[in-house]
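Quick note, the sequences are listed as chains A and B, same order. Start counting the first sequence at 22; every next residue gets the next number (the numbering used here). Start counting the second sequence at 4; every next residue gets the next number (the numbering used here).
By construction, these hints were calculated from the structure, which means they are not laboratory data. Every residue, glycine too, gets a C-beta built ideally from N, C-alpha and C. One should not assume that every hint holds.
[As the list claims (entries may be wrong)] Straight-line alpha carbon distances no greater than 20 Å define the calculated SDA-like cross-link-like pairs of lysine to any residue that follow:
| # | chain 1 | residue 1 | chain 2 | residue 2 |
| --- | --- | --- | --- | --- |
| 1 | B | K41 | B | E83 |
| 2 | B | K41 | B | R76 |
| 3 | B | K41 | A | W93 |
| 4 | B | K41 | A | G98 |
| 5 | B | K41 | A | A97 |
| 6 | B | K41 | A | R91 |
| 7 | B | K41 | B | A12 |
| 8 | B | K41 | A | R92 |
| 9 | B | K41 | B | A20 |
| 10 | B | K41 | A | L105 |
| 11 | B | K41 | A | A307 |
| 12 | B | K41 | B | A53 |
| 13 | B | K41 | A | W89 |
| 14 | B | K41 | A | S90 |
| 15 | B | K41 | A | P107 |
| 16 | B | K41 | A | R94 |
[Unchecked claim] Covered stretches of chain B, going by a simulated chain A footprint (3 or more residues, C-beta under 8 Å):
| # | segment |
| --- | --- |
| 17 | 25-33 |
| 18 | 36-44 |
| 19 | 64-76 |
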Amino acid sequence: MPIFIPLICLIAMGVAVFRRSVPDPLTGPAGRDDVPARLLRWAAGLLSAQRAEWGQAMLGELDHIDGWSRRWRFAAGCAGAALLLPPWGRAAAAVWGMVTVAAGAAGLYAALAVRYGLGAWSWVFAAVVLVLLAGCTLAACVLVRQPGIAVPGLLGGLLVALAWLVPYGFTFYGLIVAVPPFWAVLTQGLGVPLLAGVAGTLWGGSAAVGRRIARLAAVSAGLVLFLYGTLAVVAIGAAGAQIDATWTVSANVEDRLGNNVIFYLWLVPLTTAALGWAAATATAAASARLRPRLAVSVASVPFTAPGYLAEGDQGRKEMPPYEAGRADRGRSWRRTVYLLLLGAVVAAAVFGLALGLLRG
Amino acid sequence: MQRNRPPSAQAIKVLRALAADPARWRYGYDLTAEVHLKSGSLYPILVRLADRGLLETSWEPGQGSRPPRHLYRLSLAGREYVAALPVAHPARAGRGVPRAHRPSEA
Numbered sequence: 022m023p024i025f026i027p028l029i030c031l032i033a034m035g036v037a038v039f040r041r042s043v044p045d046p047l048t049g050p051a052g053r054d055d056v057p058a059r060l061l062r063w064a065a066g067l068l069s070a071q072r073a074e075w076g077q078a079m080l081g082e083l084d085h086i087d088g089w090s091r092r093w094r095f096a097a098g099c100a101g102a103a104l105l106l107p108p109w110g111r112a113a114a115a116v117w118g119m120v121t122v123a124a125g126a127a128g129l130y131a132a133l134a135v136r137y138g139l140g141a142w143s144w145v146f147a148a149v150v151l152v153l154l155a156g157c158t159l160a161a162c163v164l165v166r167q168p169g170i171a172v173p174g175l176l177g178g179l180l181v182a183l184a185w186l187v188p189y190g191f192t193f194y195g196l197i198v199a200v201p202p203f204w205a206v207l208t209q210g211l212g213v214p215l216l217a218g219v220a221g222t223l224w225g226g227s228a229a230v231g232r233r234i235a236r237l238a239a240v241s242a243g244l245v246l247f248l249y250g251t252l253a254v255v256a257i258g259a260a261g262a263q264i265d266a267t268w269t270v271s272a273n274v275e276d277r278l279g280n281n282v283i284f285y286l287w288l289v290p291l292t293t294a295a296l297g298w299a300a301a302t303a304t305a306a307a308s309a310r311l312r313p314r315l316a317v318s319v320a321s322v323p324f325t326a327p328g329y330l331a332e333g334d335q336g337r338k339e340m341p342p343y344e345a346g347r348a349d350r351g352r353s354w355r356r357t358v359y360l361l362l363l364g365a366v367v368a369a370a371v372f373g374l375a376l377g378l379l380r381g
Numbered sequence: 004m005q006r007n008r009p010p011s012a013q014a015i016k017v018l019r020a021l022a023a024d025p026a027r028w029r030y031g032y033d034l035t036a037e038v039h040l041k042s043g044s045l046y047p048i049l050v051r052l053a054d055r056g057l058l059e060t061s062w063e064p065g066q067g068s069r070p071p072r073h074l075y076r077l078s079l080a081g082r083e084y085v086a087a088l089p090v091a092h093p094a095r096a097g098r099g100v101p102r103a104h105r106p107s108e109a
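Generate the whole structure from the sequences, applying the supplied hints.
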């Protein structure tokens, strides 16, 4: 199964880059377009609406700075400030919760490494774990601040975490040792991530919001599951069925910790975000297609429900007719490539799951 | 909603730099060089000072393909606030405002 993770990851990254649509906070001239400017534009796009003006201020200032290193230093500092700039409001509680979960998991991991006298490589691996934990926490902090994302995203994360815990009856032993039934693997690997994307889009009303909800669900579930999995290793240590009877206690514990990292800090966030993203985009596109038919079928009835706009449709009214035609052709081509890539992602995921089951 | 916590030593440096020529509009990057602060520290300070009404902001229109640029100077309240600060003392620089000398309104 882990063999297919890089494959799914590469395909998902390709699709994500292809379908990427970074909101540009600038309404006027965009200025230079080098890497520091793109980094800062991305960070400024994550600012809350009340602080959007400050994002423009940073971008405007960066445009007047010359020199590669000075531009990098300025952009990196401003990007860091933009990621953490208040107001946080109620989101602060969620952020502190995430930080606590991540810190707790890191602490337990370190305690296990000391208790079982794990080797030097374990500490190298621990550094990788710290980076992954910090990445998940930072991503959650950024997402939870976006309007309309926190509640559905955290609910989605809870749903994903339950899909991984319910099949084992919430037992530590089951989580570490038991082989999940086929229905559970399908639910964890495909069903719940797709559901998170679809439900997020229907909740938020647009593909962009749906994708953010799926991403928050992915990272929050990954953090919670990693903490739970590490607690399970603390509780049962090397007890239970072992892969190889010749393995030492330390080797068993190390293996279980490694499995936790692969599954909960890598596989869960990756598959949930990638499949949730695809489902969100597909849901928005399907809603946009269904909307005119619904409007025709209920033409005689007052119909005031909001439609779900695909991102490409936003701002279409402002386009002159000749540009709209060109944009339609471009969108059609992009949609075809997108559907092909989406099919590849789903096929790779199903193939990987099936192969994992056969090997198991 | 807004908490009037005492300003940090870095915020006071920014306030004093702006107070040196209160009528002049400043650019953010010039301020980073003047007060030796990184951009990641300066902008949150400017945001807080503007939120508290101590700072006026304005936009310099962009020229050609260049985006507009943000400008800063002290507001009237900001000038009064700086005037009420204790005189900078080399030994105390970097320690913030002593509790006994904090201006009541900020």
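Comparing the hints with the structure gives:
| no. | hint | in the structure |
| --- | --- | --- |
| 1 | B:K41 x B:E83 | 26 Å, violated |
| 2 | B:K41 x B:R76 | 19 Å, holds |
| 3 | B:K41 x A:W93 | 12 Å, holds |
| 4 | B:K41 x A:G98 | 7 Å, holds |
| 5 | B:K41 x A:A97 | 10 Å, holds |
| 6 | B:K41 x A:R91 | 11 Å, holds |
| 7 | B:K41 x B:A12 | 14 Å, holds |
| 8 | B:K41 x A:R92 | 12 Å, holds |
| 9 | B:K41 x B:A20 | 15 Å, holds |
| 10 | B:K41 x A:L105 | 15 Å, holds |
| 11 | B:K41 x A:A307 | 47 Å, violated |
| 12 | B:K41 x B:A53 | 18 Å, holds |
| 13 | B:K41 x A:W89 | 16 Å, holds |
| 14 | B:K41 x A:S90 | 13 Å, holds |
| 15 | B:K41 x A:P107 | 18 Å, holds |
| 16 | B:K41 x A:R94 | 8 Å, holds |
| 17 | 25-33 | holds (count 3) |
| 18 | 36-44 | holds (count 4) |
| 19 | 64-76 | holds (count 8) |
Going through the hint list in order, the structure does not satisfy hints 1 and 11.
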